[in-house]
Amino acid sequence: MLLALTLSRPPATDLGYLLSKHPARLQSFELSFGQAHVFYPEATCERCTAALLLDIEPTSLVRTKPGGFPLEHYVNDRPYVASSFLSVAMGSVFSSAFAGRCGGHPELVDQMLPLQAELTSVPARGGESLLRRLFEPLGYELELTRLALDESFPEWGDSPYWHLRIKAETRLRDLLAHLYVLLPVLDDEKHYYVGSDEVEKLLRRGAGWLKEHPERELIASRYLKHQGSLRRETLARLREDLPDEQPPTEKVERLHDLRLQEVLAVLKESGASSVLDLGCGEGRLLQLLLKEKSFQRIVGVDVSSLLLERAAERLRLERMSERQRRRLTLRLGSLVYRDRALEGFDAAAVVEVVEHLDPHRLSAFERCVFEFARPGTVVLTTPNRDYNVLWPALPAGKVRHGDHRFEWSRTEFAAWAGGVAERHGYQVELRPVGAEDLVHGAPTQMGVFRRDH
Amino acid sequence: MTIKLPDFTLVLLVGASGSGKSTFARRHFRPTEVLSSDFFRGLVSDDENDQAVSTQAFETLHYVLARRLELRKLSVVDATNVQPEGRKPLLALAKKYHVRPVAFVLDMPEEVCLERNSARPDRQFGRHVVAHHRSQLRRSLKELVREGVREIHRFSGPDEVEAVSIQRVPLWTDRRGETGPFDLIGDVHGCYDELIMLLEKLGYRDGRHPEGRRAIFLGDLVDRGPRIPQVLRLVMDMVAQGHALCLPGNHDVKLVQALRGKNVQVKHGLACSLEQLESEGDAFKRQVLEFLDGLVSHYELDGGRLVVAHAGMKEEMAGRASGAVRSFALYGETTGETDELGLPVRHNWAAEYRGRAMVVYGHTPVPQPEWLNRTICIDTGCVFGGALTALRYPERELVSVKAREMYSEPIRPLGGSSDRSLQQQHDDVLELSQVLGKHYVRTRLKGLVSIREENANAALEVMSRFAVNPRWLVYLPPTMSPAQTSARPELLEHPDEAFDDFARQGVERVICQEKHMGSRAVAVVCRDAGTARSRFGVEGAIGCLYTRTGRPFFEDQLLELAVLARLQARLSSLFEELNSGWVVLDCELMPWSAKAQSLLRGQYAAVGAAGRAALSRARELLRGQGELEQRFTRRLEDLDSFTRAYRRYCWRVDSPDDLKLAPFHLLASEGAVHADKDHLWHMEKLALAGLHPTSYRVVDLSERQGAVAWWEELTAAGGEGMVVKPLDFVVRGPKGLVQPALKCRGREYLRLIYGPEYTARLGLLRKRGLASKRSLALREFALGVEALERFVAREPLGQVHQCVFGVLALESEPVDPRL
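Chain order of the listed sequences is V and R.
Going left to right, the first sequence walks through residues 0 to 452 as numbering that gives the first Met the number 0 numbers them.
Going left to right, the second sequence walks through residues 0 to 818 as numbering that gives the first Met the number 0 numbers them.
Check before you lean on any hint, since a few could be wrong.
[Unchecked claim] Covered stretches of chain V, going by a simulated chain R footprint (3 or more residues, C-beta under 8 Å): (1) 8–22; (2) 28–41; (3) 46–57; (4) 74–80; (5) 142–148; (6) 151–161; (7) 431–439.
Derived by calculation from the structure, the hints in this document are not laboratory data.
Backbone N, C-alpha and C define an ideal beta-carbon position, used for all residues, glycine too.
Kindly generate the complete structure, drawing on both the sequences and the hints.
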């Protein structure tokens, strides 16, 4: 909420010309979200500081629904932090400085000046390392103080906020442009809608520095609220060759595809014509099932209506032909409640689902699937915990996903699967999925259950 | 002539056009009971005489008829019904919904019909139509019985029609007017000595009970046992004197056929009966035949709350009459498979039973009678050396007499009992259809509470993925509304408004309880692991601590166990006093920081840190800037107050001893939901446990000053404020159920809700609608209490779950989160 700009070469009051704001006066400006005040705590020949102070009424930031209640929490850091609100205020209050206009002293605009910017409560998602990676390549010297969450509770640790001072010999308009772009990037948040005109704004404010910045991809991505198409457009226009994307989850993605292919193969082999996808999520397996003519009745079940909506979008349910449409049903359901609509199917896939259930719900899951729904074939996959030691990024003893309630070793899975098969009249065959390690097995384990009669 | 017509009957009027069917229907039945083909022609096409729309008209008529029969409503079909293909779908519906079809045939002379039609300008069709109808009618008369019509009344000529009157009588199975009390007795099979001992134990003297109780015999009086005639004589006597009711069993029915001389396979059991009856003489045999033959398949009793039948009764068959109903009552259902002994596998209808009525039956010997979904089989195989068992109704007490010997070799061994009850095994799996989609939950406090589909959908995910084991989830607390917004310039909430609210509802005394700022916790605590197993069906636990949304309170199971163990020790005298192995407590667990750690760090402390740093630096730089400096000084003070407000509710927790648990409702214990006690009782009982106390004041609403001063004192020190409740747990006022509680939160505490600086903008915040919050609070309150009532009454878990699921569903209803 506070930006203090300091010029420390005589006559330091040149800062007043550069900003087109008289050092002797406090000026206030109306903005859509509150007021901005510009004043000079110090204005001597040696040193001159201009402060831009945002005065945002906390309750006014909370948008309300037509029903009359707020969407966000009233206890909100926005009024106090350096965020896109500050960028917008800078752009509006210092518009001539941004544009490189300086009435009376045009020569100042292009002068390299010893400037310092002080910012209070800068939210930096990425911490000190990100702060340095963003500002140091631009030639700034940084002075950083991290704020504690609450000094009365040292055990709570640090807050995500920093008190930041950056110093450099630079042009004022460059300093302003850097801050304008980088504050929302640090915050990884924007208070307004981000559309294609943000690409123009970013290219304009980034002119002359963004192209060379080593973190340009991260900057573009965060500034544009992670909208892939906008980011790609920006980077292309920065005339950079786009290096191939290297998302960190690539290995995981490939494994998932492989898993689905194996599941599909088992289902086809079983000769099933009606298939359940229990825990269908966004419908990636459903997509594959739909392509196979042999599956005449396909039902995707998930416990989340949000995921089912996404599945409907992904599968373009609305635009499907009537014939295709008849083959597929998306159904809200739960694998720990008995659902009579799931009875009488030839086969069921349960891909990476059980590990998301609390152990005390496994008996209900078992009875719902194997006793009541009772499909002829059940294909079930789950992570193999033994393999986790080979996962480079995974700390020892941790599960692969925050929501995994457990991960079974191969022995544990075999014991569970064997018990289920025996209790409910199935034969089970266990198979590895993914590249097999001699000692630790494959990343995924699969159980294929076939009903005795 | 008077015709007695059971009040659940499908009446077919049969007659040619002009035979007077509609007039007959009008005279004897209510307009809504009569489904006339002409009316349905009009309904679908605006023309009652348009024969071209008959298909659509009859489809609609059949649909409406099906719904009426489903609801057990007497229905009259007013159509010519002279053709078999027209009657076929009607009789199929009769079969499906187990209703007796009765035909009234209006066999009028042709001239009468023609004359009546000629008087109607819209019925100008030729004579041949009537003639044709009449010839079809004559043929029909022979076919009706074969088609399954049980009773045919034929009237030839207007005089006979004129002379008839119809008297509605209850269906023979309908004894809903008889409320008991009853003693239901399982399969006797000629075990006279045990029967005498059992009747004695039940308090009967010479076949009658001094308090007017009546025995109900669940069939199979005969076969296999040693003293069949004596049993028959006693039961027949008791029935004749009005001291007993008797149902037929499959063995009784077979004996009837044998006595009639029918060719039946005489196995050992039946041979015993025939042999023993031989010496009793023909007159007695005739009496027995008449008695057993006259028995009614099943009875509905006590306002429909009790259904009795030999082999059980499905919900969709109870109180209906058909061959299928009788067969189910006598034999139950088989799956078509046979077991390893070559005996037919019985379909477990009780596992599927979802009806509201209690069903008591026999037929299948069980080692121990066990409740399952409000049904119970009390045949404990006396004749096989087991016991003769009675169930006292409505007390639900079982009374048994051991067999003196094994009179007959059991065909299959009486199974051993499992360590978990039938109901507990059944409750492993809950039914989706009981919770999903728009549905209604019947509550004692507030009638039907409706749950919207979207809300149920949202709750399904939480319940399936995040909730504790549903066996522990016997209650969820309701949301609580604040008092009306205060008009005082400095405040949003003040006790006066809460007091006024309650006074308007006729409440005279309230209890004000200090509002602890922690996290809501429901504690289910058992005296020992054995109780957890036997009462809750959970292995290896002594209780459960969960949040107001049904999630585990602690992620750390050891911590949960430690807290529960401490609680268990504190509650030992309460277990004793309440004579209960378990209790359910509604509590606040402190500190707030124990549960809300991520919220505190991610939101409250973070906002405090960011605000303090920014505002204090701003104030430094603003020195000498006049009004603006003052403004930011004020803002900084507000922010500091905010920080102080949340800090009050935080402290370091290094061991379970640092946690404070403050229970304020002793919700339920074995046999009782304590919603019938006032809050003083709750406070006093809980004080005995010596847990963190909740300070309180009982306030007469004409003398409020003390309470207001107390609130001011609490909140001036930064306290959250207080909760005001009518002294009685459940109160009804002129507008129905009264809010169980209203909260009055302090000025400083509200910074955590409305933002650090809300006091600067009080005026804007005053407009807040409380209506939907209050309506939710009442519905959730009713559902929560209902869940407990059902649990205490040992209803199936699905019935309890439906209520807590409802609370969770309602909680997804969007309301202002600051209230």
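Cross-check of the supplied hints:
For the segment 8–22 of chain V, the assignment as covered by chain R is violated, since 0 residues bring a beta-carbon within under 8 Å of that chain's beta-carbons and 3 are needed. With 3 residues bearing a CB less than 8 Å from a CB of chain R, the segment 28–41 of chain V meets the requirement of three and the coverage assertion stands. Proximity of the segment 46–57 of chain V to chain R, defined as three or more residues with a beta carbon under 8 Å from a beta carbon of that chain, is established by the 6 residues found. Residues of the segment 74–80 of chain V lying with their CB closer than 8 Å to a CB of chain R number 6, which satisfies the three-residue condition for coverage.
For the segment 142–148 of chain V, the stated coverage by chain R holds: 3 residues have a C-beta nearer than 8 Å to a C-beta of that chain, and at least 3 were required. A stretch counts as covered by a chain when three or more of its residues have a beta carbon under 8 Å from one of that chain; for the segment 151–161 of chain V and chain R the count is 8, and the coverage holds. As drawn, the segment 431–439 of chain V meets chain R at 0 residues by the rule of a beta-carbon pair under 8 Å; below three, the given contact is violated.
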